[in-house]
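Each protein sequence line maps, in turn, to chains C and R.
For the first sequence, this note's numbering assigns the number 1 to the initial residue and increments by one for each residue that follows.
For the second sequence, this note's numbering assigns the number 274 to the initial residue and increments by one for each residue that follows.
In case anyone wonders, no lab produced these hints; they're calculated from the structure.
Check the hints yourself; a few may be wrong.
[Unchecked claim] Straight line, CA to CA, 25 Å or less: simulated DSS-like cross-link-like pairs of lysine-lysine:
| # | chain 1 | residue 1 | chain 2 | residue 2 |
| --- | --- | --- | --- | --- |
| 1 | R | K415 | R | K449 |
| 2 | C | K91 | R | K313 |
| 3 | C | K100 | R | K320 |
| 4 | C | K105 | C | K157 |
| 5 | C | K100 | R | K313 |
| 6 | R | K313 | C | K105 |
| 7 | R | K320 | C | K91 |
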Amino acid sequence: MSADPTQVLAFETDCHIFDGCGFPSPGLHSFLFEPIWGDGDSSVYFNKTMLLALLGSIIIIGFFWAAFRRPQVVPGKLQMVAETGYDFVRKNVVYETMGKREGEKYVPFVVALFFFVWMMNLWSIIPLAQMPVTSIFAYPLGLALIVYIVWVSLTFKRQGFVGALKNFTGYDKSLGAALPVVMLIEAFSNLLVRPFTHAVRLFANMFAGHILLVLFTIASWYLLNGIGIAYASVSFLMVLVMTVFELFIQALQAYVFVLLTVTYIQGALAEQH
Amino acid sequence: MSPLLHIAAEEVQNPLVPPIPELVIGLLAFVIVFGILAKKLLPNINKVLEERRESIEGGIEKAEAAQTEAQSVLEQYKAQLAEARHEAARLRQEAQEQGAVLIAEMRAEGQRQREDIIAAGHAQIEADRKAAASVLRQDVGKLATDLAGKLVGESLEDHARQSRVIDRFLDDLDQKAEAAR
Chain C
1 MSADPTQVLA FETDCHIFDG CGFPSPGLHS FLFEPIWGDG DSSVYFNKTM
51 LLALLGSIII IGFFWAAFRR PQVVPGKLQM VAETGYDFVR KNVVYETMGK
101 REGEKYVPFV VALFFFVWMM NLWSIIPLAQ MPVTSIFAYP LGLALIVYIV
151 WVSLTFKRQG FVGALKNFTG YDKSLGAALP VVMLIEAFSN LLVRPFTHAV
201 RLFANMFAGH ILLVLFTIAS WYLLNGIGIA YASVSFLMVL VMTVFELFIQ
251 ALQAYVFVLL TVTYIQGALA EQH
Chain R
274 MSPLLHIAAE EVQNPLVPPI PELVIGLLAF VIVFGILAKK LLPNINKVLE
324 ERRESIEGGI EKAEAAQTEA QSVLEQYKAQ LAEARHEAAR LRQEAQEQGA
374 VLIAEMRAEG QRQREDIIAA GHAQIEADRK AAASVLRQDV GKLATDLAGK
424 LVGESLEDHA RQSRVIDRFL DDLDQKAEAA R
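Go ahead and model the full structure; you've got the sequences and the hints to work with.
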């Protein structure tokens, strides 16, 4: 995984405090990887996050394949675990928001979305990988675009052209003179800002989480010299604390992502008043 | 610090500009996951969940049916038991009554037989007494006649007179006996 020379983690250097070398702080470069295969400039290449994205997909499919390929009426342990996850998304996210009748159709999409996002987040704390795929903006953006296409096309299909425009612009006659301004703001907010914030919310959370983890990890190593050892232990404790915290945030952000998704789809189905 | 790090840092681009290959791979990965889940695995589990729901509901229905049946059987049983008790009480009552009647009948029969036996006894005694009396009367008459003949020295040969005298005498005796009784 770390054949990449630019991915300078502290343990790959002999740099410690009081050795006369500066703190190798993490930054944007912590999210850049030299391609494992291909040329980084030609845009035909394969790198660590791509590998993790594909591996993660295989893990999700493998897990559900093992659990649901030949499901039993009386479930085994694995099937029970998978069913719990499936039921959680189905009932607590989809049915709760859209109702059983309208929501049924979107269950597979939302379930796939939830577990995909969660797995991509989980890479953050899986040893050797330790890189959340969703902290590369391309991945949450791609997912947010799919969701965007789904709910926008659904709005046109359900409400007709005029109805959809009213839906996007929050058309409301009672606003009077303020109506054009409100419509402009609403359209901007719904059609342009919404997919962007949807993607950024996930991306920024995972990005910040990864920075924090890398920061404390590097610091633990860097401080491991002389009196610094005392501080290193505190820093290492922070690594453990942040790992647990990230575990929570990863699940939470995956939940928030799909919750927003079903809210958008629900908005497309609802009549505009 | 490694010189490579400097190069990397200089090449850092805006993190909000997505590299196209990663976007493509991300979309591809999601579409594959979605496709396999939606086409194969989730329908699988949905079918089984539905089956399970049905079997649970079926089980509940069966249990309810069994309970209803048990209830009705219990009631039937109780009714039968009550009827049987009733019947038993009735039979007992009847038997008692019959017993009482039988006892009364037997007592009456016994009474009757006793009376018959007593009556027969009395009749027998009476007959015996009469026979004895008649024999006695003849013997006594004969003895008395013989004795009287010897005493008076003359044979009271005249049978008819003799009989009349003896009878009158005995009738006197009888009357005396009756009066004494």
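> Of the hints stated earlier, which fail here?
Replying inline: The structure breaks none of the hints.
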